[in-house]
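Asks: The lines below spell out each chain.
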Amino acid sequence: MVVTEVSRITRTLVSTLINGEETEFICEPRQSLLECLRDGIGLTGTKEGCNDGNCGACSVLMDGRLVNSCLVLGVEAQGAEIMTVEGMAGPAGLHPLQQAFLEQAALQCGICTPGFLVAAKALLDQNPNPTEHEVRFWLAGNLCRCTGYDKIVRAVLEAARMRTAAPGASGVHVGNGAEPVKSSADRNGNANGKG
Amino acid sequence: MRAGMQNFEYVRPSDLSTALALLAEKNGKARAMAGGTDLLVQLRAERFSLERVVDVKAIPELNDLRFDTKGGLTIGAAVPFYRIYGDRNVAAHYPAIVDAASIVGGVGIQGRATIGGNLCNASPSGDTIPALIVLGAQAVVVGPQGERTIPVEQFCIAPGTTLLKATELLVSVRVPSPEARSGAHYLRFIPRNEMDIAVAGAAAWVALAEDGKSIADARLALASVAPTPLYVDAARGVLVGTDGSEEALEAAAEAARLAARPITDMRGTEKQRRHLAGVLSKRALRGALARARGEQYAPAH
Numbered sequence: 005m006v007v008t009e010v011s012r013i014t015r016t017l018v019s020t021l022i023n024g025e026e027t028e029f030i031c032e033p034r035q036s037l038l039e040c041l042r043d044g045i046g047l048t049g050t051k052e053g054c055n056d057g058n059c060g061a062c063s064v065l066m067d068g069r070l071v072n073s074c075l076v077l078g079v080e081a082q083g084a085e086i087m088t089v090e091g092m093a094g095p096a097g098l099h100p101l102q103q104a105f106l107e108q109a110a111l112q113c114g115i116c117t118p119g120f121l122v123a124a125k126a127l128l129d130q131n132p133n134p135t136e137h138e139v140r141f142w143l144a145g146n147l148c149r150c151t152g153y154d155k156i157v158r159a160v161l162e163a164a165r166m167r168t169a170a171p172g173a174s175g176v177h178v179g180n181g182a183e184p185v186k187s188s189a190d191r192n193g194n195a196n197g198k199g
Numbered sequence: 002m003r004a005g006m007q008n009f010e011y012v013r014p015s016d017l018s019t020a021l022a023l024l025a026e027k028n029g030k031a032r033a034m035a036g037g038t039d040l041l042v043q044l045r046a047e048r049f050s051l052e053r054v055v056d057v058k059a060i061p062e063l064n065d066l067r068f069d070t071k072g073g074l075t076i077g078a079a080v081p082f083y084r085i086y087g088d089r090n091v092a093a094h095y096p097a098i099v100d101a102a103s104i105v106g107g108v109g110i111q112g113r114a115t116i117g118g119n120l121c122n123a124s125p126s127g128d129t130i131p132a133l134i135v136l137g138a139q140a141v142v143v144g145p146q147g148e149r150t151i152p153v154e155q156f157c158i159a160p161g162t163t164l165l166k167a168t169e170l171l172v173s174v175r176v177p178s179p180e181a182r183s184g185a186h187y188l189r190f191i192p193r194n195e196m197d198i199a200v201a202g203a204a205a206w207v208a209l210a211e212d213g214k215s216i217a218d219a220r221l222a223l224a225s226v227a228p229t230p231l232y233v234d235a236a237r238g239v240l241v242g243t244d245g246s247e248e249a250l251e252a253a254a255e256a257a258r259l260a261a262r263p264i265t266d267m268r269g270t271e272k273q274r275r276h277l278a279g280v281l282s283k284r285a286l287r288g289a290l291a292r293a294r295g296e297q298y299a300p301a302h
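Residue numbers (this note's numbering), protein chains in the order written: chain A, 5 to 199; chain B, 2 to 302.
Keep in mind the hints are simulated off the structure, nothing from the lab.
Backbone N, C-alpha and C fix where the C-beta goes; we use that ideal spot for every residue, glycine too.
Take these hints with a grain of salt, some might be off.
To be verified - Label-pair restraints from in silico Cβ distances:
| # | chain 1 | residue 1 | chain 2 | residue 2 | range |
| --- | --- | --- | --- | --- | --- |
| 1 | A | Asp154 | B | Asp218 | 45 to 51 Å |
| 2 | B | Gln146 | A | Glu90 | 35 to 41 Å |
| 3 | B | Asp218 | A | Glu26 | 54 to 60 Å |
| 4 | B | Gln155 | A | Thr48 | 23 to 29 Å |
| 5 | A | Pro95 | B | Arg294 | 54 to 60 Å |
| 6 | A | Ala96 | B | Ala291 | 49 to 55 Å |
| 7 | A | Gln112 | B | Asp266 | 51 to 57 Å |
To be verified - A few chain A residues that don't get close to chain B, going by computed Cβ distances all over 12 Å:
| # | residue |
| --- | --- |
| 8 | Gly97 |
| 9 | Ala123 |
| 10 | Ala144 |
What the hints assert, rightly or not - Partial pick of chain A residues on the chain B-facing surface, computed with a CB cut under 7 Å:
| # | residue |
| --- | --- |
| 11 | Gly57 |
| 12 | Ser63 |
| 13 | Leu75 |
| 14 | Gly83 |
| 15 | Gly114 |
| 16 | Trp142 |
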């Protein structure tokens, strides 16, 4: 590649809140937030897929907003609040989305899964009871080459049901013992329709 | 292995004059960045080399999003799409902007990408540009010589090229207040339902006469059928004075097909795009007419 000689390129100290913890890292201006998370901080849950904003494997929340971390500069994270897939499970257990992905076998190779989980969390945070159509439209920026998407969509709908059915539905974490609300027949039936 | 990006200096000015000075200093080797969803991809692809990236998101004028019935709508160049389609005034008065803003990329892109960036990227397929053209929007630009406004239909001059000089900055897009009994709609054709680049797109705007039936004024613009988003001037003449009958819409579609100068590429053939220019123009006009009549028109996506 062509290396452009540029003087006065300085490494910058960036202070952020990552998954609720105050975190500082040092980066060059050209480094993406994705690179900083993985190589600088060691949070390797966020994955690199296409590195140009098409696949969503690098999805994180930045100040609560879903973004592709490959298209954010690390220096832009100064003062921002970042949530990665590592921030989803809590002391009480997995996030309902993670639980539902396991129960619905909504992954195969798994490289897209962190991105889908974070993107789906962003959806349920603002729309706790989405239709299948809304789930599919929302997740259009996340690519999966294994599952064919149906199981992922079902898992997100199931997680939404778990959250709205659980007591104190706004609570983020549901223990491992959370039971599926619907039978598999209902889930299969639901997955056929278009929203 | 990760594709590295060329290195550059990153600056984040908080006022316009500093931003202009930072751009001017590098004389073409500095660029403004808002959402970065095009710029960072292009830097990685080594489409050009930069010595400085000027992050414009901390400049108040570029974050403006306001509407009043006299002055119309001002959209700061750094306002991301989620703010635009989430805004009540935009939804109420400019549904064609919502049509376009809500289909650019996926949700993760819409959290960062901006209407200013869509315009400055000057892609022939930029979804928001035809909508802005038919709404009569103006690009507000500042530079060392002060402020100037450029009609959006003239802003893009070639793929990836605009009238913006290296020392200038797009501050905002101004959209006139909606006329009485007017409506607009944008739609595109893509092989999937979302998260794709337009094979072709069309935006239409119509204003009805006092009788609420005949078309008093109309504008049509196309995406992805020419080197730039394309205003179809000839459509106006065949629509004005009609009541938006199928014959009138077909005449407008023919004007669109004649104006289109499409190419064949991986997304579609020249023939398909010319055909789509007609089909989409009619659909855009039907949506615009429905909205002008005050009907709810929510396109499925």
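Asks: Determine for every hint whether it applies to the structure shown.
Replies: Status of the hints after comparison with the structure:
Checked against the hint of 45 to 51 Å, the pair aspartate 154 of chain A and aspartate 218 of chain B passes, with Cβ atoms roughly 48 Å apart. Taking 35 to 41 Å as the suggested C-beta distance range, the pair glutamine 146 of chain B and glutamate 90 of chain A does not conform, at roughly 50 Å. Range check, aspartate 218 of chain B to glutamate 26 of chain A: about 57 Å between beta-carbon atoms, so the 54 to 60 Å window is met. Distance hint for glutamine 155 of chain B and threonine 48 of chain A: a CB-CB separation of about 48 Å, inconsistent with the stated range 23 to 29 Å.
Restraint check, proline 95 of chain A to arginine 294 of chain B: a C-beta distance of roughly 57 Å satisfies the suggested window 54 to 60 Å. Take alanine 96 of chain A and alanine 291 of chain B: their Cβ atoms lie about 50 Å apart, and the range 49 to 55 Å holds. The hinted window of 51 to 57 Å between glutamine 112 of chain A and aspartate 266 of chain B is violated, with their beta carbons roughly 33 Å apart. Separation of glycine 97 of chain A from chain B is adequate, the least Cβ-Cβ distance of about 27 Å exceeding the 12 Å criterion.
The claim that alanine 123 of chain A lies off the interface is violated: its Cβ sits roughly 7 Å from the closest Cβ of chain B, which falls inside the 12 Å cut-off. Non-interface call for alanine 144 of chain A relative to chain B: violated, since the shortest CB-CB distance, roughly 4 Å, does not exceed 12 Å. Checking glycine 57 of chain A against chain B: minimum C-beta separation of about 6 Å stays under 7 Å; hint holds. Satisfaction of the interface hint for serine 63 of chain A is found here, the shortest Cβ-Cβ separation to chain B being roughly 6 Å, below the 7 Å cut-off.
At its closest, the beta carbon of leucine 75 of chain A sits 5 Å from a beta carbon of chain B; the interface hint therefore holds under the 7 Å criterion. The beta carbon of glycine 83 of chain A comes no nearer than 11 Å to any beta carbon in chain B, farther than 7 Å, and the hint placing it at the interface is violated. Because the closest C-beta pair between glycine 114 of chain A and chain B is about 19 Å apart, greater than 7 Å, the hint is violated. A least Cβ separation of about 6 Å between tryptophan 142 of chain A and chain B falls short of the 7 Å threshold, and the interface hint therefore holds.
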